[in-house]
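J.: Join the two chains, each given in its own frame, into one complex according to the hints.
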Amino acid sequence: MNHQVLAPAGPLSSEIAQLFWVFVAVAAVVYLLVIGFLVAALRRRNEASMRTALRTVSVAVAITSVILLGLGLSDFFAGRALAATPHDPLRVRVTAHQWWWEIEYSDAQPARRVRTANELRIPTQRPIELELTADDVIHSFWVPSLQGKKDLLPGYTTRLDLIASRAGVYEGQCAEFCGFQHAHMSIDVIALEPQAFTAWYDAQLSAAAEPQNPVAAHGRDVFLGSTCVMCHNIQGTDASAVAGPDLTHIASRRRLAAGTVPNNPANLAAWIRDPQALKPGTHMPATQLAGDDLAALAAYLSELR
Amino acid sequence: MCLRFPELAAVLLAMTGVAGCEREQRRFSEPSGDALTITTPLTDIEAGGQAQPAVAKSPYDENAFAISEGQRLFEWFNCSGCHAHGGGALGPALMDDVWIYGSEPDQIYSTIVQGRPNGMPAFGARIPRQQVWQLVAFVRSLSGGLRKDVEPGRTDSMQMRPAPSQTQDNP
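In the order they appear, the protein sequences are chains G and P. Converting from the first sequence to my numbering requires adding 17 to each position, the first position being numbered 1. Converting from the second sequence to my numbering requires adding 9 to each position, the first position being numbered 1.
With the rest of the complex left out, here is chain P (with noise of 0.2 Å):
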């Protein structure tokens, strides 16, 4: 086969756009640890009336991979049994707007890691800090908090809803 020069070059193109593609990177071994540890106060008053933190990016939230695998841990670690699919039951439901601690990606991170009051254990000693930013950059996707294309497609459980890559954006 022999490529002439457009064609080569359009080639070319598209394996570039793959290999800087971050949604379909794939990393199985991330340092963990301090890395990837914050902290997030539950609440922005404060004596003295000190700056509130910087808000801290998910690492997760561009990577189909990582959030597919979320998907997979919320039903393994059993967060269903309380957030039912993220339709709610014991739990608040994920999949509305409705945050009582917060929706951005360290509060998440906080109330998975830290547990709040009410019945959320505290899972910071029991999960991976990677696993716990797959954990939320699922739990985002659920109302449709992430990019269109790097959300989940549908599961093999109960639907509550059709699948976070066929819903809209910010209910």
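Bound conformation, chain G alone (with noise of 0.2 Å):
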């Protein structure tokens, strides 16, 4: 598991962890010193006059308004370092669905944009600007490492910003309650070198890879030939539709079903076979297939890195 808020992997998760760790230690000074104060009153013998009590009271509020006035300052500017319009940031779109991510990277050209799932790659050290929208109710996304939460509303676009300082994993999770799947929707956020980054996205505007043998070319035929292309994509092929995953680099991703299993071709053919056994409620069909066209769809599935 790779997502800690005390952990920043980002300028922007740095300005909350460190807006966390001002607000631990001055609220920690404040309750020694209450307790301390405390301990004090209760060992007093004699009484204080009106006026030292008055003056002692004054000088409390004092120092409790400044303190108060001095969070309220840190909060705001970490608000406002959170806020900023970052310049020449990647934009990218996300829609959340029931229970998975819709991911389609922006570009002028509508023939270089790119469109995955579940998996955000970004590169290093740029500004990424999210477009976050849901399909169907509310998720939040929220990526513990690199930022804090922002919801996704139906018919509304909210906007995050995202930078990454280093490359690795950073896993997210959906954290608003959004239905039956809510704990199985996650979102893997893979930071890259500016290089990787390009020539992954290069290799996403591909099309699928031709099938390399003839299982994999059997699997094609039985994805072209069943259910599945009422629902999914993948480019260079008839499959087109938009309601679930695009398949195109599906054997790229590390994880299947937004997080609930580790992508291999076992799980696939599982989840192909039943999926309504790994996550319940999911709305992916169960899909009546034979041993051996099940065997050649998830070779074939498996292929197309």
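Because the hints were derived from the structure by calculation, they are not lab data. Beta carbons: idealized from backbone N, C-alpha and C, even for Gly. Don't take each hint at face value.
Stated by the list, open to error - A few chain P positions that, by computed beta-carbon distances, are all more than 10 Å from chain G:
#, residue
1, P68
2, G97
3, L99
4, I109
5, E113
6, G153
7, K157
8, G162
9, D165
10, Q168
11, P171
To be verified - With beta-carbon atoms standing in for the labels, derived distance ranges:
#, chain 1, residue 1, chain 2, residue 2, range
12, G, L241, P, L99, 16 to 26 Å
13, G, F194, P, Q168, 20 to 30 Å
14, P, N127, G, T102, 29 to 39 Å
15, P, N87, G, G196, 22 to 32 Å
16, G, A213, P, R156, 53 to 63 Å
T.: Right, here's the structure in full:
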């Protein structure tokens, strides 16, 4: 698991972690002082005069006001840093569905837009501007190592910036209860060095790999001749539906079904045969396929790097 | 909290009512394949004057969850591309009482599975049987063919008319 609020991997999450430690430190000092004064007051024998008491309380109120003002200001500056409009960001549209994430990289040229699912790859050191929206109910995007939470609302777009300082895999999770499989709605943010990101992006633009052997070729026929094509898209074939995740490069992703299981041919076959067993309530229906067809289909999809 | 006998009895009765309610049943995994497959001839004219087949009952006519799933699939599978949210465009309207190929559940099922001349594609190999029956239930709800309390509420798409749950039965 790589999601830690207090191990920030970027300047924005550093702001949040810093704010957290400032509040913890100030609150700890105040707490100790208050307890200390309380103990001193309980042990005290003689009673203070009205004048002394008034002065002590006035000083305490003044100190409290200054502390609250200071905390308020640090909160304001942290919020301002998080909300600053980045210069030349990479814009990515994230649409939350029950229960997966649709990701589309925007580009002025429609042919250079990449559509993928459940895995957001970003270049390091470059600001990313996410345009967040939801398709059905309210979800919330939370990658603790990189940023705070932001809700995704149906019919409305919210914005969130991410910056990753170093390469790595940062896991995220839907943070707003969104139905039966809310717990199985993870997103992987994978930060790559800029050159590696460009190479990955260009690979994503290409059409799906042609099957390299007869089994995989049969798998493609199974895919195109069965229920898969009503919801899924594989670039370069006739399958072009957009109700479910894009499968053009499914084998390049780490996990299946929004982080439910690791991506390997065995899990893929199990998922296709009976998704309800792995993720009860998911909108993907069970597909009745003969053993050979299922194995061929899994072999074909495992080749789509 | 302590319940006296009449209250306890009322609570237990309400619980059995909920447990036995078909309307609220949620079945995510169904026996698919042959159990849900039926064949209905397109016409009752048959050489030798055979008897008409029995009309199959739709498994989802009283299940609110399945009907709203049908409503979702109607958009996902682009039925609206031709039937325009039930109002009709390239394909016939589904919210009136004109049925070219019949309004019984098994007839609508066969229309979806087999396709029909002049445009309706055959979805038999493309849509799992369970989902076909969910679509059948939703299509029937469009013209007020189902019970009022199981019909879906309004959609997020363009409204051709008030939601099925708010219209009169059998227009």
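J.: Each hint should be assessed against the structure and marked as holding or not.
T.: A quick look at each hint next to the structure:
no.	hint	in the structure
1	P68	holds (15 Å)
2	G97	holds (22 Å)
3	L99	holds (19 Å)
4	I109	holds (24 Å)
5	E113	holds (24 Å)
6	G153	holds (26 Å)
7	K157	holds (25 Å)
8	G162	holds (14 Å)
9	D165	violated (7 Å)
10	Q168	holds (15 Å)
11	P171	holds (21 Å)
12	G:L241 with P:L99: 16 to 26 Å	holds (25 Å)
13	G:F194 with P:Q168: 20 to 30 Å	holds (29 Å)
14	P:N127 with G:T102: 29 to 39 Å	violated (55 Å)
15	P:N87 with G:G196: 22 to 32 Å	holds (24 Å)
16	G:A213 with P:R156: 53 to 63 Å	holds (58 Å)
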